[in-house]
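Please model the complete structure; the sequences and the hints are all you need to start from.
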Amino acid sequence: MWEYSDKVREHFFNPRNSGPLEGANGIGDVGSIQCGDALRLMLKVDPESERIEAAHFQTFGCGSAIASSSALTEIVKGMSLDEALKVSNQDIADYLDGLPPEKMHCSVMGREALHAAIANFRGEVWSDDHEEGALICKCFAVDATLIEEVVRANNLHTVQEVTFYTKAGGGCAACHEGIEEILAKVSAERAGLGEVSPPPACPAAPELPKAQPVKLTSVQRIKKIEAVLESVRPMLQRDHGDIELVEVQGRQIYVHLQGACAGCMMEAATLGGIQQKLVEALGELVQVLPVSQMKTA
Amino acid sequence: MEPIYLDNNATTRVDPAVVEAMLPFFTEHFGNASSIHAFGSQVGKALKKAREQVQGLLGAEHDSEIIFTSCGTESDSTAILSALKAQPERNTVITTVVEHPAILSLCEWLEKEGYVVHKLKVDKKGRLDLDEYKSLLHDRVAIVSAMWANNETGTLFPVETMAELAAERGIMFHTDAVQAVGKLPIDLKSTKIDLLSLSGHKLHAPKGIGVLYLRRGCRFRPLLRGGHQERGRRAGTENSASIVGLGVACELARQHMQTEQHVVRHLRDKLEMGLLGQISHCFATGDTANRLPNTCNIAFEYIEGEAILLLLNKLGIAASSGSACTSGSLEPSHVMRAMGIPYTAAHGTIRFSLSRYNTEPEVDRVIAAVPPIIAQLRKLSPYWKDAAPVKEFAPAYA
Ligand SMILES: Cc1ncc(COP(=O)(O)O)c(C=O)c1O
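Residue numbers (my numbering), protein chains in the order written: chain A, 1 to 297; chain B, 1 to 398.
You may find that some hints are simply not true.
[What the hints assert, rightly or not] Computed list of lysine-lysine pairs in BS3-like fashion (alpha-carbon distance at most 25 Å, straight line):
1) A:Lys277 <-> A:Lys223
2) B:Lys134 <-> B:Lys121
3) B:Lys124 <-> B:Lys112
4) B:Lys385 <-> A:Lys44
5) B:Lys379 <-> A:Lys44
6) A:Lys138 <-> B:Lys112
7) A:Lys44 <-> A:Lys77
8) B:Lys391 <-> A:Lys44
9) A:Lys77 <-> B:Lys379
10) A:Lys7 <-> B:Lys379
11) B:Lys314 <-> A:Lys7
12) B:Lys192 <-> B:Lys121
13) A:Lys185 <-> B:Lys112
[To be verified] Facing chain A, from chain B, some residues (calculated, C-beta under 7 Å):
14) Glu304
15) Glu306
16) Ser381
17) Tyr383
18) Pro395
Bear in mind the hints are in silico, worked out from the structure with no lab data behind them. The model shown is predicted, which means the values in this text are computed figures rather than measured ones. Glycine included, each C-beta is placed from N, C-alpha and C at the ideal position.
Quick look at the structure:
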């Protein structure tokens, strides 16, 4: 079974503000019975001050769906509607000391119910653009819809590129088959549209140079390395990370990974990808290592 | 409070007699059965005995028809891939929509590889249409694979009849009997079943040991090639301790068959009647007149299974659910969907699976524990008001 935080368990076993709310004037019903979640959020809003005086919920769903609903009502109680609209699904998850990645949709549902209830109070029609695809990468909770979007938008062709852009596939590798299927599907569509896309053919085996044709000077070499790092920087920045070249010691290239990438499971995958690019660019076998592994002479 | 384990279709407690029999094979009898010396031949004798014990439980004609594997999944894969490889002129597999993923995932992959897979549908009680089945048996079919007993509902398929129909047309027949072995009397020599899978951990033997029964004369290609173990049909040094354990477990299953058929069945029926009688808007799923004696699967409408399990777990009661949330997928169990169980009920299915270790006081405790849990969750559910479901709740994007 799932690893739930104590806070999730506590809110599940003792839900706050459950059941119908007398005098509710903003009601949001969201959910998907197919996915096994449905939530009715009831708000009692003071029409003068637009402050939420009370919030109740009724939820059909698993432990984390019930806990997320309970947390949501606690969070929004006493807020103005404008404040409440700023509550993100991450806020709900944080309030519960985190949710398992597969269960993040429970917090998303909470936020949607909140928006729906506020729209209902204001007499607006709430429309939702949320569509959840099948979860492909379980390690990083990435679904098919997102992968497909990113593959299209960035004209991606390999699993490794998908991993760079979305993290999907960077963990246990079990989903590589699923990612390949999405790539094949998008590529077939591209072909159908007559767009020229480079064939996803297997790249020729990298020639492992025994005698290097032109030996680079160390400055030329560092410039090439910098150029490769520059090319991957945008992908890292998408994840709020960055990379810096620290030292080159023969075949060992030491870098400093920053931000979200540092220390996470992605570090090894990221460095591996960069290493591959460097091997190709430099025409020699090199090793990319985090600066923490540098031996200070 | 003593915990109550009602999840025996997931896995079972290893019988103490099984553990006892296994222990020497980790210590003094550590030899390799293939070795010539005394260390090896002791083990070789023990494996032979275990093979005969499995043969006895299955009613197989020859002990050489028993191939030890690493699990039920391996047996399933071996059976189907062997049939396709051994008969390259046949490209079709017939199976059912309610098989275990050990079969279904393999079949999905086979389809991608260009094979034809036909999955027989089931009706709302989980039963097959034998006329549809007969109409599909043609000379391109390499193998039929149908489970003997369904792991979620316990529903039994008429595999003996199905095997005969296949045999009349010269088609191989495999059954995934992982849930049936030990719970039902089986006599393979009086059937036309060619291949059968079983898994040790479902009958009080350890995890990681399985058997593929292969009828003598049935064409075969191994999955694992290597040494000559299992007569070259499954290479790899034998897992001697687990094989010995499985042998003892089969012997015990034979002795306890009457207990399973009568005592366990009585407890299961009492549990089911107790719950259905006290709780409104719930029903037993599957072919209840024709199922394993230990299994009952109840759909509690308008609430979600994982939430039920968490509350049961707090009271020390272990069961399982077909809800999407417990499986990690976004859809409820494929078995419930195949039977056309509506989503409002499919998410709230709870499987109670008993064993010979369960007692009447345990069942009484569960009968007392479940109704308040259901009531508590229904109070939280937007589909429920007072004592009845509400129709008007229709959330956006439902
Ligand atoms: C019907 C059925 N087939 C196959 C299996 C897989 O067996 P094993 O876990 O030994 O691979 C199971 C067990 O979950 C099962 O219930």
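How the hints compare with the structure:
Distance hint between Lys277 of chain A and Lys223 of chain A is fulfilled; the C-alpha atoms sit about 14 Å from each other, no more than 25 Å. Between Lys134 of chain B and Lys121 of chain B the CA atoms are separated by roughly 13 Å; this keeps the pair inside 25 Å, and the hint holds. For the given pair, Lys124 of chain B sits about 29 Å from Lys112 of chain B by alpha-carbon distance, which is inconsistent with the 25 Å threshold. Of the supplied pair hints, the one linking Lys385 of chain B and Lys44 of chain A holds, its CA atoms being roughly 20 Å apart against a limit of 25 Å.
Under the criterion of a C-alpha separation no larger than 25 Å, the hint pairing Lys379 of chain B with Lys44 of chain A is consistent with the structure, at around 20 Å. Proximity of Lys138 of chain A to Lys112 of chain B is assessed by CA-CA distance (about 23 Å); at most 25 Å being required, the pair is judged to hold. Only pairs whose Cα atoms come within 25 Å are accepted, and Lys44 of chain A paired with Lys77 of chain A is accepted, the gap being roughly 9 Å. With a C-alpha separation of about 23 Å, the suggested pairing of Lys391 of chain B with Lys44 of chain A holds against the 25 Å cut-off.
Of the supplied pair hints, the one linking Lys77 of chain A and Lys379 of chain B holds, its CA atoms being roughly 22 Å apart against a limit of 25 Å. Taking the CA atoms of Lys7 of chain A and Lys379 of chain B, the gap is about 22 Å. The hint holds against a cut of 25 Å. For a cut-off of 25 Å, the pair hint linking Lys314 of chain B to Lys7 of chain A stands: about 16 Å separates their Cα positions. Only pairs whose Cα atoms come within 25 Å are accepted, and Lys192 of chain B paired with Lys121 of chain B is accepted, the gap being roughly 23 Å.
Annotation: proposed proximity of Lys185 of chain A to Lys112 of chain B holds, straight-line Cα distance about 14 Å (limit 25 Å). The interface hint given for Glu304 of chain B is met, as the beta carbon of that residue sits about 5 Å from the closest beta carbon of chain A, less than 7 Å. At about 4 Å, the closest approach between the beta carbon of Glu306 of chain B and any beta carbon in chain A falls short of 7 Å, and the interface hint on this residue holds. With a cut of 7 Å, the hint placing Ser381 of chain B at the interface with chain A holds, because the nearest CB-to-CB distance is about 5 Å.
For Tyr383 of chain B, the shortest C-beta to C-beta distance to chain A is roughly 6 Å, which falls under 7 Å, so the interface hint holds. Interface hint status for Pro395 of chain B: upheld, as the beta-carbon distance to the closest one in chain A is roughly 4 Å, under 7 Å.
In the structure shown, a violation is registered for the earlier hint numbered 3 alone.
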